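Colleague: Each chain, letter by letter, is given below.
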Amino acid sequence: MRTRERWTFLAAGVLLVVVLPALNALPQGSSLRVSDFTLNLFGKYLTYAILALGIDLIWGYAGVLSLGHGVFFGLGAYAMGMHLMLEIGAKGVYQNVLPDFMVWNRVTELPLFWRPFNSALFTLVAVVVVPGIVAAVFGFLTFRSRIRGVYFSIITQALALCAWLTFNRNAMNLGGTNGLSGFKTMFGFPLHEAGTQRGLYVATALCLCGAYLLCRWIVRSPAGRVLVAIRDSETRVLFCGYSPAAFKLFVFTVSAALAGVAGALYVGQVGIITPAKIGVLPSIEMIIWVAVGGRGTLIGPVVGAFGVNWLQSLLTTHYPDLWILVLGGMFVAVVLFVPDGIVGTAQKLMARFGGARAADPAPQPPTPHPSPLPKGEREVTP
Amino acid sequence: MRLGQATGHVPKEGLATRVFIRLLLALALLPGLTAPAAAQGAASLPAPEIVKAIAEVASNDAAVQEAAAVALGKTGDRTLLPLLEALREGSVYVRSLPGGKQETVIVGDKVNEGDKTLVPLFTAYGREPIRSADGKPLLADLSMLQEVPTGRSLRLVLRPLIDAFSGTTQLADPDWTVRQAAAVKMGNGGDAGALPTLTDALAKEKDRWVRYAIEEAIALIQLKSGSSAERVNAATRLGALGSGDALDRLREFANAADAPPALRQAAADAVKRVERWSLLTQTIQVMFQGVSLSSILLLMALGLAIIFGLMGVINMAHGELMALGAYATYVTQGWFQGHAPGFFGYYFLVALPLSFLVAGTAGFALERGVIRFLYGRPLETLLLTWGISLMIQQGLRLWFGAANVDVISPTWLSGGVPVMVGIQLPYNRLFIIGLATVAVAGMYLLLFKTDAGLRVRAVTQNRGMAACLGVRSRRVDALTFALGAGLAGIAGCALTQIGNVGPELGQNYIVDSFMVVVTGGVGKLLGTILAALGIGGLNKIIEPGLGAVFGKVAILVVVILFIQRRPSGLFAAKGRYADS
Numbered sequence: 001m002r003t004r005e006r007w008t009f010l011a012a013g014v015l016l017v018v019v020l021p022a023l024n025a026l027p028q029g030s031s032l033r034v035s036d037f038t039l040n041l042f043g044k045y046l047t048y049a050i051l052a053l054g055i056d057l058i059w060g061y062a063g064v065l066s067l068g069h070g071v072f073f074g075l076g077a078y079a080m081g082m083h084l085m086l087e088i089g090a091k092g093v094y095q096n097v098l099p100d101f102m103v104w105n106r107v108t109e110l111p112l113f114w115r116p117f118n119s120a121l122f123t124l125v126a127v128v129v130v131p132g133i134v135a136a137v138f139g140f141l142t143f144r145s146r147i148r149g150v151y152f153s154i155i156t157q158a159l160a161l162c163a164w165l166t167f168n169r170n171a172m173n174l175g176g177t178n179g180l181s182g183f184k185t186m187f188g189f190p191l192h193e194a195g196t197q198r199g200l201y202v203a204t205a206l207c208l209c210g211a212y213l214l215c216r217w218i219v220r221s222p223a224g225r226v227l228v229a230i231r232d233s234e235t236r237v238l239f240c241g242y243s244p245a246a247f248k249l250f251v252f253t254v255s256a257a258l259a260g261v262a263g264a265l266y267v268g269q270v271g272i273i274t275p276a277k278i279g280v281l282p283s284i285e286m287i288i289w290v291a292v293g294g295r296g297t298l299i300g301p302v303v304g305a306f307g308v309n310w311l312q313s314l315l316t317t318h319y320p321d322l323w324i325l326v327l328g329g330m331f332v333a334v335v336l337f338v339p340d341g342i343v344g345t346a347q348k349l350m351a352r353f354g355g356a357r358a359a360d361p362a363p364q365p366p367t368p369h370p371s372p373l374p375k376g377e378r379e380v381t382p
Numbered sequence: 001m002r003l004g005q006a007t008g009h010v011p012k013e014g015l016a017t018r019v020f021i022r023l024l025l026a027l028a029l030l031p032g033l034t035a036p037a038a039a040q041g042a043a044s045l046p047a048p049e050i051v052k053a054i055a056e057v058a059s060n061d062a063a064v065q066e067a068a069a070v071a072l073g074k075t076g077d078r079t080l081l082p083l084l085e086a087l088r089e090g091s092v093y094v095r096s097l098p099g100g101k102q103e104t105v106i107v108g109d110k111v112n113e114g115d116k117t118l119v120p121l122f123t124a125y126g127r128e129p130i131r132s133a134d135g136k137p138l139l140a141d142l143s144m145l146q147e148v149p150t151g152r153s154l155r156l157v158l159r160p161l162i163d164a165f166s167g168t169t170q171l172a173d174p175d176w177t178v179r180q181a182a183a184v185k186m187g188n189g190g191d192a193g194a195l196p197t198l199t200d201a202l203a204k205e206k207d208r209w210v211r212y213a214i215e216e217a218i219a220l221i222q223l224k225s226g227s228s229a230e231r232v233n234a235a236t237r238l239g240a241l242g243s244g245d246a247l248d249r250l251r252e253f254a255n256a257a258d259a260p261p262a263l264r265q266a267a268a269d270a271v272k273r274v275e276r277w278s279l280l281t282q283t284i285q286v287m288f289q290g291v292s293l294s295s296i297l298l299l300m301a302l303g304l305a306i307i308f309g310l311m312g313v314i315n316m317a318h319g320e321l322m323a324l325g326a327y328a329t330y331v332t333q334g335w336f337q338g339h340a341p342g343f344f345g346y347y348f349l350v351a352l353p354l355s356f357l358v359a360g361t362a363g364f365a366l367e368r369g370v371i372r373f374l375y376g377r378p379l380e381t382l383l384l385t386w387g388i389s390l391m392i393q394q395g396l397r398l399w400f401g402a403a404n405v406d407v408i409s410p411t412w413l414s415g416g417v418p419v420m421v422g423i424q425l426p427y428n429r430l431f432i433i434g435l436a437t438v439a440v441a442g443m444y445l446l447l448f449k450t451d452a453g454l455r456v457r458a459v460t461q462n463r464g465m466a467a468c469l470g471v472r473s474r475r476v477d478a479l480t481f482a483l484g485a486g487l488a489g490i491a492g493c494a495l496t497q498i499g500n501v502g503p504e505l506g507q508n509y510i511v512d513s514f515m516v517v518v519t520g521g522v523g524k525l526l527g528t529i530l531a532a533l534g535i536g537g538l539n540k541i542i543e544p545g546l547g548a549v550f551g552k553v554a555i556l557v558v559v560i561l562f563i564q565r566r567p568s569g570l571f572a573a574k575g576r577y578a579d580s
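Chains as they are written, first to last, in this note's numbering: chain A, 1 to 382; chain B, 1 to 580.
Please keep in mind that the hints were generated in silico from the structure rather than gathered at the bench.
Note that the coordinates shown come from a computational prediction; the quantities given were computed from them, not determined experimentally.
Backbone N, C-alpha and C fix where the C-beta goes; we use that ideal spot for every residue, glycine too.
Wrong hints could be hidden among the right ones.
[Said to hold, decoys possible] Computed, partial: chain A to chain B, Cβ under 7 Å: (1) L65; (2) I147; (3) R169.
[As the list claims (entries may be wrong)] FRET-style restraints, in silico, Cβ to Cβ: (4) B:D406 / A:T8: 57 to 63 Å; (5) B:G369 / A:M350: 30 to 36 Å; (6) A:A25 / B:D406: 55 to 61 Å.
[Unchecked claim] Listed next, the stretches of chain A that the computed footprint assigns to chain B, with coverage defined by at least 3 CB atoms under 8 Å from CB atoms of chain B: (7) 149-158; (8) 280-292; (9) 323-330; (10) 335-341.
Next up, chain B with everything else stripped away, as it sits in the complex (with noise of 0.2 Å):
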């Protein structure tokens, strides 16, 4: 198998050797640059037929010079590349060597040396340097060499074998996206020459993605090219994968009057399996992509409705102890970066809980300074609280500069995961998902099942009562409002992760923030997840259709509707407080 021939010069296990041959591959491939010894090793003698396919190639005759190459093409041995690439080039030349015989050689860049052109030789096989007796590389005179000449129809012969080996080279690369985007241009491609690297790059394939981006690879090109009964099969296939990328092609066979009834019949039902798929995985992005910004309100909103279950107040500088968190894991970063820079994929870890540290700080000292002074009056609460915003808004404006900062991820962060043909979940999503997951079941533990929960539950019920029984309601008062900051600051400390982090931050969720918390009711776990879910898949739902500024006066209006019905939220608070 030509793959395997290729490969057979690299031991089949042993990754870092395929990278490092990889990497002499990429050298090779610059022009001029001479390889490197290290590359003597790689290239060991040439098969019989290799080397007189070699010798072919510089024949004056273009139809033999053009079987040659082919043949060299079809070998798949990397080793021969650069042969082919500088017969592109038109530096491949003949030299003659003493014993009368002919060597096909390839030339470097000239040196000017008087009034002759000097160049350094390569050999045909695997561009190694061709060194005199002392050592040194040979210079030869360019007027003494015979130039190959490369015609036109043998360029175009060229460039597809060409491109078979770089194809070749990704579809055996270890990162197995590289090997899908491959498969994936290649089928784009539609070249019937790539068919054979593809069906052996199945053969040896084990991921099951990139199986599937091979054979859908493999479907388009016999759809593009095929023959009849090739295409009929090609398309029956393409309509069970579910191939989005085949929708255009399929929908021209369908409707073309003069293919074969088979084939327009096989295109017809392909398209509408394709068609029923994409709209299952449109389907399933859409409530993903719900459940995402679900998740993020859901992050942001659960430390805001635990301050206003407790003190009847909107903390309107909660966007900005966001923004604390988010720039508390800028400075992580840069701190990682510039002092552990070999630690780096961990600063995140780090962030996470200093950013719950920092934020949780700022809001206990806000508790302490100003806004104990203000418990029973939620209106002042709330002006005093958007002067905060205001200042600390203004500070990280001066502090940081008003530009955007660069949080780069983590790579274990960035990328995602794919789960069905058609659909990649974002590993940031998914963490941002699994850490409100997370966040909502320590708060539900740490409110329901523990003495300290249940002081916060009485106070946030009766504050009198619960005082008069001995809770320490300041106390309570302050650490939960620190808490309820220290979320903002890991809210802050996720969305680095997904979107930019400036000053703004806060302001651009916040307002939505405010909405699920007012529609969740006062204090209610349950209530506030419900709206997240709810704000955030009907944002989405609504967004295609709208679009995103008349989404969300469309979720505004939704929201009055709604409260119209229940005006303290989902879940009101009953009985005897449930009305001053």
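Okay, chain A solo, but in the shape it has when bound (with noise of 0.2 Å):
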């Protein structure tokens, strides 16, 4: 790393996952003090934001939109969340062992899927390998036969939408509409005390530090340059000897894997999943928290996820109706006046302005036009 931005991940680090915790573990009463609702506010959003360094894995470099990324999310969300079901226990309404859902369903015995479940080590595990494995088969079907464009966010908006539908099936076992919920402990950890909750904050942000750590060393190796390029013309990649599928299929599994980290934790911080967090809607929102934070930049996700999250939260409390509006209204600016983000925005402004040393070749921010034909005028795409 070049020596300032190592000491602007550095310090970014450092205040996610040293200051804000402790600031959090003050006394009562301190002006200093983070609340515990805070704390799991910025938790929630830092989990969003390692989900949308995969998006931007997979949108900003390969240039692959997905728009059923709720769908891995959702994975690795249900696959903790079925974890902690079982850890409950006879805690529960019903004093059985086996969840709530499943004695109101009439359910005897815990379905076979759900059994490995109760291992700690196999779900944390399953958070990662599930997503990557649905990702994987998925990838495999449609990037080998060069399904792209448009095409791949159809048929990603229509796995999204039949995944949702799926959820929602009580013959499914996992709670139907309601989802998961009415978790007590985490690996033993009462969920419900601060303590636990700052410790989950911790492994949040470190996770989101690796996730960083982990897509920068992805995209500055010479995989992440010919992502880049199959980004700005795929064909040229293929006619050079590069086989684009299986690049794509790999960031693709990657992003995924990413998604499912982030669902797992934002259940534990959250205490509740439900299909509504895996539809069409909820995986298009993604979107736009990489696109407004400035997408082929690793930073952009980050502060577009806090940034449309933060302003969520601040709409719909004051003014409910007009967040959706506000949200589409995002889509068209951005899009349109704004296409390399916040970060990307900034990132060109610098350059322009702060002369040689602030121009940093390796991460380029994403050609508005990757046409070589006039402005106004288009490639034939199929």
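Since each chain comes alone in its own frame, lean on the hints to assemble the complex.
Modeller: Right, dumping it as structure tokens:
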């Protein structure tokens, strides 16, 4: 890392991982204290930031727009949620070893696919692997046959719709519309205690730092260069002897795994996961975080996830009717006026006014016009 | 004939008169309601045997009374219905006339005056008010009248008689659906007393579907309560009729050990025939539903496909443009209700072009306002149109409310046409199939038979070259987008006739129609049609087995597997422009 970037990363990391939790640990009444609520909210945003990083990897760098990332987020969240449900044990409302909703649905025996989730280790693996496998299979089928561009987006959107429909079914034994909730402990620690939440927050922040480093490593590696090349002209990459499908499949899988981790951390802090989190709308909302923050940069998605969700919290509390309008307007405004997002635009401005020092050749902001044709013209896309 | 006598008081021609009589009858049925004076015209003097029976019905001898009631019922004279009903209610009395004669009367609601209880009197025949010399309704002291006893057995006799009257009335209804429903009800009731009525009705009935219902009802009744030979006959006929209603009972007979062998055989044969018939009807039913869903998908996908072909972009706001069309229909309907209720039936004819205009204008504004800046950036356009869709959706929610609004179908679109036994095709579905066909034909003519269509195809194939050759591609873009949006509006207008109208209207079908476009390929009319038929049909074939949810999942899997083979849809663009 270059010196300046390293210092920025360290400063942000220390602020998120050490300073905020430390301020939260201050005694009640201290003027500097960060409230439990705020810390929890930050923790939620951090999970979104991990998710956004994954989306940026596949969209910002490889140019593949997935409208189904809610599914991978949901798979991770449900995997963790299932373990947490089983951890409740017989302390539920019905005093039954089975989760309450199963008792309610007259399920007498734990379904087979629930059983492995008794193990914490299996759950931790599943959180990463299950979304990864689903993405790998789905990606294999789609990328192999060179489904790309709009086609891929639409297919992933259909995936989100199908997943939403499926998870809503009571027959799936995943809690139906109500999802999974009412968790009591996580790996033995009581979830309602501030200490556990603080720990979870720190874990989330560390995961975000880890995800950032992982993504940075990927995009700086030769493979990352190929990804950018695929984004700019897939056909040319193909003719150069690379297999775009393999690269895309790899990065799609990593992206889904990151989404899964984000989902798992989300469940612990928010305490509920429902199918409403994995449908078409939430999946496309995730895209706007990345677009607002700036795709093709690694800071952008983090900034976007924080900014958009903070705005959402603010608006839904004070002007609930306005939020959807603002969200829609954000899509329009970002696409039309700031295609590079906040961070991308800032970087461009710095490059123009800040001289050579700020010019960082490595993570190139996406070209708004990948087409070599003059403005207003277009390539004929399938 | 009994029914003949009944209608003897009703001119055979003249629907209005019949309706009028029915109205009068309905009024007369209301207890305590004075029949209007006009009813006097309908009730002429009764025949002597009726007069005798009316007198006998008041007898203290239960047997005589019952025989008289049956005789009255058998006349089929509807003027006597009030008397039978009054008998059942126990409001028939006998009064002594000055000449020592006795008269059977019906009494109305009691009025207390001092310590006396007064009741208005009505004639037994026709339930007309009996008037005193000065023309005022006659009030009699209840204690001066002699009550006609109504025992349990008389009530039991009366019930089928009264039911037969109402059945007879309904079987003579001018509306064929009422006649059909009456026949079905009588058949399911299985009361042997209804047989003569049904036979009469059958002789006069001309509508084949009502005839069918009556025949089925007769056979059902005979199967239930006929003699052994009649049952065999009935079972065979039910088999020939393909009667689904009779299936359970036929099965019973086919499996009953104590039934005569001939009946068992006939019932078993009939079951086989009915089952074969119902398999056929079900297949046709599924096919029709498939075609119906396909035509809905086609209507929605058509506009989407044109825009997709032109710009390589899925217009995510398509569903909301449909919602705009649907709300335009809703507003039109409201206007007709408020300003021209007399022409309410025609509102839909106005709403159809109006919804095209509303959605088309919105589409035009959208293209001119924002989308034209984004040509060549399909993913960005996709996000932008999604943003627009959210804003339109929320706008509709704020303006019209989040709840669904009611759109009333015009009468000519409700109901259906029966085509086969057990199959009725709803008019609204047929209308949508017709609309989709017209829309496709119109698009074909527009795209392939006009100069404008030639330009659109030129721009779709090669924008740069078309522009070089003098096609004003920008104008083509805007107008084509408006056309696609207008088609969405028409689809939305059509959807009001079969589903809920709410701000989320567009979301329900939109992913399906995306799949149609993706499967069909870019800008190919034929591809879109085939994909719509395929996905719609497959959906309805899979659905019964897997349920709606897993049916959708299965469709996604099929589509993914399908585009493994054909990544750019059914009909991919070929040649040097096929790939970027």
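Colleague: Report holds or violated for chain B covering the region 149-158 of chain A, Cβ cut-off 8 Å, minimum 3 residues.
Modeller: holds (count 8)
Colleague: Holds or violated: the region 323-330 of chain A covered by chain B, criterion of 3 or more residues with Cβ-Cβ distance under 8 Å?
Modeller: Three-residue rule met by the region 323-330 of chain A, so holds; n is 6.
Colleague: Holds or violated: the hint that I147 of chain A contacts chain B, with Cβ atoms closer than 7 Å.
Modeller: holds, 5 Å
Colleague: Is the interface hint satisfied for R169 of chain A? The criterion is a beta-carbon contact with chain B at less than 7 Å.
Modeller: With a minimum Cβ separation of about 6 Å from chain B (threshold 7 Å), the hint on R169 of chain A holds.
Colleague: Classify the hint on L65 of chain A as holds or violated, based on whether any CB of chain B lies nearer than 7 Å to its CB.
Modeller: At about 5 Å, which falls below the 7 Å cut-off, the nearest Cβ of chain B leaves the hint on L65 of chain A intact, so it holds.
Colleague: Checking C-beta pairs, does the region 335-341 of chain A have three or more residues closer than 8 Å to chain B?
Modeller: holds (count 3)
Colleague: Between the beta carbons of A25 of chain A and D406 of chain B, is the distance compatible with 55 to 61 Å?
Modeller: holds, 58 Å
Colleague: Does the Cβ distance between D406 of chain B and T8 of chain A fall inside 57 to 63 Å?
Modeller: With Cβ atoms ~58 Å apart, the hint holds.
Colleague: Is the gap between the beta carbons of G369 of chain B and M350 of chain A within 30 to 36 Å?
Modeller: holds, 32 Å
Colleague: Quick check: do three or more residues in the region 280-292 of chain A have a beta carbon closer than 8 Å to a beta carbon of chain B?
Modeller: It holds, with 5 qualifying residues against the three required.
Going down the numbered hints, you'll see the structure goes against none, and every one checks out.
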